[in-house]
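With these hints in hand, go ahead and build the complete structure from the sequences.
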Amino acid sequence: MNDSRYVYLDNAATTPMDPRVIEEITMHFNKTYGNSMSLHSAGQKAAQKLIKSREIIAELINAERDDIFFTGSGTEADNIAILGVANKNKNRGNHIITSAIEHHAVGNPIKQLEKKGIEFTVLPVDKYGFIDLNELESAITEKTILISIMFANNEIGTIQPMKEIGTIAKKHNILFHTDAVQAFGKVPIDVNLLNIDLLSASAHKLYGPKGVGMLYIRNKGVKEGWGKFIEPITYGGGHERDMRPSTVNVPGIAGFAKAVEIAKKELHDEAERQIQLRDKIIKWVLENISDSFLHGHPTKRLPNNVNINFKYIEGESIVLDLDMEGIATSTGSACSSRSLDPSHVLLAIGLKPEDAHGSLRVSLGRFTTDEDVDYLLKKLPQVIERLRKLSPLNKDVEYMFEGESQDHHH
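Be aware that the sequence shown starts at 1, since it is given in full-length UniProt numbering, and climbs by one per residue.
The hints are simulated quantities; they were obtained by calculation from the structure and are not laboratory data. Take these hints with a grain of salt, some might be off.
Claimed, not checked - No more than 20 Å apart at the CA atoms, straight line, and that leaves these computed lysine-lysine pairs for PhoX-like: (1) 127 x 311; (2) 283 x 88; (3) 127 x 143; (4) 311 x 389; (5) 90 x 228; (6) 378 x 280; (7) 52 x 88; (8) 170 x 143; (9) 379 x 280; (10) 90 x 127; (11) 300 x 127; (12) 283 x 300; (13) 280 x 163; (14) 265 x 311; (15) 264 x 52; (16) 111 x 163; (17) 283 x 379; (18) 31 x 52; (19) 379 x 311; (20) 127 x 352; (21) 220 x 283; (22) 45 x 31; (23) 52 x 265; (24) 228 x 170; (25) 90 x 52; (26) 88 x 45; (27) 389 x 379; (28) 171 x 143; (29) 143 x 115; (30) 265 x 88.
As the list claims (entries may be wrong) - Derived Cβ-Cβ restraints for the label pairs, each shown as a range: (31) 116 x 370: 23 to 31 Å; (32) 62 x 33: 28 to 36 Å; (33) 119 x 6: 43 to 51 Å; (34) 116 x 299: 36 to 44 Å; (35) 382 x 66: 17 to 25 Å; (36) 62 x 370: 32 to 40 Å; (37) 116 x 242: 43 to 51 Å; (38) 127 x 23: 16 to 24 Å; (39) 377 x 119: 46 to 54 Å.
Glycine is no exception: its CB is placed at the ideal position from the N, C-alpha and C atoms.
This is the structure we're talking about:
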């Protein structure tokens, strides 16, 4: 690192904990140590904290308190939703609809179900990452039991037409699950307005602790309650009404609730602030760095997401060079960025594999300042210029590849 400053612009991968959340968790680690299922006062104190935390989290998405189930992560919540619905409904149907740009926490459980005879339709997306609502409706069969479409994409930031998807699901009496890990606490969500039956979220994406997630499961008005359409995927004691039977992490959940409380209070102002910074980066880069283009929709995207492609260079090289300048960014999903395969999201929106390698994701956060953005915009063009001079893919030195395949390039 050339400078003592460190600018963290990878908030879509994870966020630093808010000091107010750390304070809350520390207090509960010290004071609320009882098992929430125990009858004594230490246990009851923990149980009360769980009730209060459920209320706070339910309020953010206009849900009923008892429809919130705590999990160990967003990934676990996705798995419970998908596997739990498929297992419970196998006599009713065996077809699931999803999209080509889902996080692996949705895509991989669905692929696992294929071994058990579940069929699935993967809806393609357009150049912005939107599914086609007519294609969604056409994909529905009498065997369809679940539609699982993410709220907002973790790589390109595109926000799907949730209300319309929910309306189609309701019309055909099909359960609608959304992985809202990226959107939760960043954009307004109302599960009733959007007809969402199951929603996954994670604490560490909104300045809360890692290892805490939640699954919203609609109880009212759906097949006589959630017990009728979903079952657990793990078995043990009675915690979380058997849906996720493990001794609950009360301090972590208290931290999640605190993070949600802060996010709810600051949501509008923070979104506005981040949108201004986001658009400043996009405008400046597209105007000042040649052969760069934006992934995702210019406006129907997360307030904090920037994903830009730089031709002729590797995204990984940009990330490593920026890190040496004291700036943390990413090429896309942190869960797959150690793999050399191009992003399935970028391929789904129509990029050639060689172009998909050149993308940089910048994800802003609560602690990102104007100065941080200015520092990025100072260092980024220097990094791009340096890498393009070295790149064997550069248009100026393409003659080197004459008669040679470029496909080997990773």
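For each hint, the structure was consulted:
1. 127 x 311: Within the cut-off at roughly 17 Å; holds.
2. 283 x 88: Distance ~49 Å between residue 283 and residue 88 Cα, so the pair is violated.
3. 127 x 143: violated (30 Å)
4. 311 x 389: holds (12 Å)
5. 90 x 228: holds (12 Å)
6. 378 x 280: holds (13 Å)
7. 52 x 88: violated (30 Å)
8. 170 x 143: holds (15 Å)
9. 379 x 280: Satisfied, since the Cα-Cα distance of roughly 15 Å is no more than 20 Å.
10. 90 x 127: The given pair, whose Cα atoms are some 35 Å apart, is violated under the 20 Å limit.
11. 300 x 127: holds (13 Å)
12. 283 x 300: The given pair, whose Cα atoms are some 16 Å apart, holds under the 20 Å limit.
13. 280 x 163: Since the Cα atoms of residue 280 and residue 163 sit roughly 29 Å apart, the hinted pair is violated (cutoff 20 Å).
14. 265 x 311: violated (40 Å)
15. 264 x 52: holds (15 Å)
16. 111 x 163: Distance ~26 Å between residue 111 and residue 163 Cα, so the pair is violated.
17. 283 x 379: holds (16 Å)
18. 31 x 52: Satisfied, since the Cα-Cα distance of roughly 16 Å is no more than 20 Å.
19. 379 x 311: Within the cut-off at roughly 18 Å; holds.
20. 127 x 352: holds (12 Å)
21. 220 x 283: Since the Cα atoms of residue 220 and residue 283 sit roughly 46 Å apart, the hinted pair is violated (cutoff 20 Å).
22. 45 x 31: Holds. Residue 45 to residue 31 sits at ~9 Å (cutoff 20 Å).
23. 52 x 265: holds (17 Å)
24. 228 x 170: holds (17 Å)
25. 90 x 52: violated (35 Å)
26. 88 x 45: violated (34 Å)
27. 389 x 379: Status holds; Cα separation ~16 Å.
28. 171 x 143: holds (15 Å)
29. 143 x 115: Satisfied, since the Cα-Cα distance of roughly 17 Å is no more than 20 Å.
30. 265 x 88: violated (38 Å)
31. 116 x 370: 23 to 31 Å: Since the Cβ atoms of residue 116 and residue 370 sit about 52 Å apart, the hinted range of 23 to 31 Å is violated.
32. 62 x 33: 28 to 36 Å: holds (32 Å)
33. 119 x 6: 43 to 51 Å: Hint holds: Cβ distance 48 Å, inside 43 to 51 Å.
34. 116 x 299: 36 to 44 Å: holds (41 Å)
35. 382 x 66: 17 to 25 Å: Once the Cβ atoms are compared, 54 Å apart, the range 17 to 25 Å for residue 66 and residue 382 is violated.
36. 62 x 370: 32 to 40 Å: holds (33 Å)
37. 116 x 242: 43 to 51 Å: violated (22 Å)
38. 127 x 23: 16 to 24 Å: violated (45 Å)
39. 377 x 119: 46 to 54 Å: Roughly 48 Å apart at Cβ, these two residues keep to the hinted range, so it holds.
Hints 2, 3, 7, 10, 13, 14, 16, 21, 25, 26, 30, 31, 35, 37 and 38 from the list above are not met by this structure, while the remaining hints are.
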